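Using the hints, put the two chains back together into the complex; each one sits in its own frame.
So the sequences go chain by chain: A and B. For the first sequence, counting from 1, position 79 maps to 79 in the numbering used here; every step adds exactly one. For the second sequence, counting from 1, position 113 maps to 113 in the numbering used here; every step adds exactly one.
Quick caveat, the hints were computed from the structure, so don't treat them as lab data. Be careful, since some hints might not be right.
[Said to hold, decoys possible] EDC-like, lysine to aspartate or glutamate: derived pairs with alpha carbons at most 20 Å apart:
1) LYS71(B) - ASP57(B)
2) LYS11(B) - GLU44(A)
3) LYS44(B) - GLU44(A)
[As the list claims (entries may be wrong)] Beyond 12 Å from chain B on every Cβ pair, some chain A residues (computed):
4) VAL13
5) THR31
6) GLU44
7) ILE49
8) ARG63
9) ASN76
10) VAL85
Since we're looking at a predicted model, the values are computed, not measured. From the three backbone atoms N, C-alpha and C, an ideal C-beta is built for every residue, glycine too.
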Amino acid sequence: AQKVTQAQTEISVVEKEDVTLDCVYETRDTTYYLFWYKQPPSGELVFLIRRNSFDEQNEISGRYSWNFQKSTSSFNFTITASQVVDSAVYFCALSEAEASGSARQLTFGSGTQLTVLP
Amino acid sequence: EAGVAQSPRYKIIEKRQSVAFWCNPISGHATLYWYQQILGQGPKLLIQFQNNGVVDDSQLPKDRFSAERLKGVDSTLKIQPAKLEDSAVYLCASSLEGGLGETQYFGPGTRLLVL
Numbered sequence: 001a002q003k004v005t006q007a008q009t010e011i012s013v014v015e016k017e018d019v020t021l022d023c024v025y026e027t028r029d030t031t032y033y034l035f036w037y038k039q040p041p042s043g044e045l046v047f048l049i050r051r052n053s054f055d056e057q058n059e060i061s062g063r064y065s066w067n068f069q070k071s072t073s074s075f076n077f078t079i080t081a082s083q084v085v086d087s088a089v090y091f092c093a094l095s096e097a098e099a100s101g102s103a104r105q106l107t108f109g110s111g112t113q114l115t116v117l118p
Numbered sequence: 001e002a003g004v005a006q007s008p009r010y011k012i013i014e015k016r017q018s019v020a021f022w023c024n025p026i027s028g029h030a031t032l033y034w035y036q037q038i039l040g041q042g043p044k045l046l047i048q049f050q051n052n053g054v055v056d057d058s059q060l061p062k063d064r065f066s067a068e069r070l071k072g073v074d075s076t077l078k079i080q081p082a083k084l085e086d087s088a089v090y091l092c093a094s095s096l097e098g099g100l101g102e103t104q105y106f107g108p109g110t111r112l113l114v115l
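Here chain B stands alone, though its shape is the one from the complex (with noise of 0.2 Å):
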């Protein structure tokens, strides 16, 4: 079974500059995360949708990025323009239905670098 693909693997741009990241969950799977990992820390979740509907998007600076699933299965989030700090990975997961417990699957990140 295939997992979570995620392109490009690495981008660097310079500051307000525009960026977009691609994620293809795991196939079936209704719930899609896009996280935010800093270095030397644990990801942090930007935003979770629901087949194409978003269930939290709660810690996604918003005057600055946006993400949509418009069909239900791939993904895909903007950051424009870009800062200097939101150099880090870009981490992609999914999970079967999104309930409580369920594990999710992470795919292989874009690392973002921001000059």
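The shape of chain A in the complex, shown without the other chains (with noise of 0.2 Å):
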């Protein structure tokens, strides 16, 4: 079974509209971190966001927000209004403590592409 599951491979939305990013993960430990990141065209990984395993508090930042739900292991991403230089692939990523050793890797999803179109 996956850890990170993102099902939306591809979304295209208009210009302005909102859309949200579902990411659903596995974990049998209580304390982890799960990550948002964005890949634009040009390839490098950004980093959006950080979330912990105690701390539910949807977060906000311009138009982004996060939805964190650990009832249904879900960690959704929304923008809002969304802008034509919003179009690149998003990765959810989860940091669990290993059984073993000290490795502190992320699993990441298989990523939604979403296309705004003008």
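Here you go:
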């Protein structure tokens, strides 16, 4: 089973529409972190947000907002009034304590390609 | 503050050839990661360094891939010999200490095409 599932492979919206990108995760740990990254066509992964498992407050940053719900193991990302520059691949990722060793790798979902049309 | 630097940005080689990628992390970051991102997928960790020591290389195909971070700063990832399935983007990332939940900052990646 995948640890991070982004079921939406591609989404297209028209500029100024709101769009929500879904992320469902799986972990046995009580302490873990969730991340969202943006990957524009240039290829670099740009950090957007980090949330720890003990903080379920929703976060808003400008046009971006995040809804973390432990009950459904989801960490969804909403862009309000989308713009063409938001077109990119968005990745959700999980960082959890490993049972052995000290590796702190990020486990990524397969990404959602968002296209915002003018 | 300068970000993670990688070179080259693009590389095209034929199968069975060798190739090397270079990464310079953010200054002061002790932890360095190499990820492989195949088209249409999320990045997958190949190896993690803490200073000049390897923390995790369980997903590194050691028969053909090698990596080093001799002085605990910049790092080199090598593939020898390359296979067609190695075509991917190789991303380098760094974080301050490698602790749980630390944000990893990524470089622009090296796009490798093996013909």
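Now the hints, each set against the structure:
Of the pairs offered as hints, the one joining LYS71(B) and ASP57(B) holds, with about 18 Å between alpha carbons and a cut-off of 20 Å not exceeded. Of the pairs offered as hints, the one joining LYS11(B) and GLU44(A) holds, with about 16 Å between alpha carbons and a cut-off of 20 Å not exceeded. In summary, the hint linking LYS44(B) to GLU44(A) is supported, as the alpha carbons are separated by about 15 Å, within the 20 Å threshold. Distance check on VAL13(A): its Cβ is at least 21 Å (rounded) from any Cβ of chain B, clearing the 12 Å threshold; non-interface status holds.
Remark: the non-interface label on THR31(A) conflicts with the geometry, its nearest Cβ contact in chain B lying 7 Å away (cut-off 12 Å). Annotated as non-interface, GLU44(A) brings its C-beta within 12 Å of a C-beta of chain B; the closest such distance is 5 Å. Distance check for ILE49(A) against chain B: the nearest CB is about 9 Å away, which does not clear 12 Å, and the non-interface claim fails. The Cβ of ARG63(A) sits about 21 Å from the closest Cβ of chain B, beyond the 12 Å cut-off, so the non-interface label holds.
Separation of ASN76(A) from chain B is adequate, the least Cβ-Cβ distance of about 17 Å exceeding the 12 Å criterion. For VAL85(A), the non-interface assignment is confirmed: its Cβ lies about 18 Å from the closest Cβ of chain B, beyond the 12 Å cut-off.
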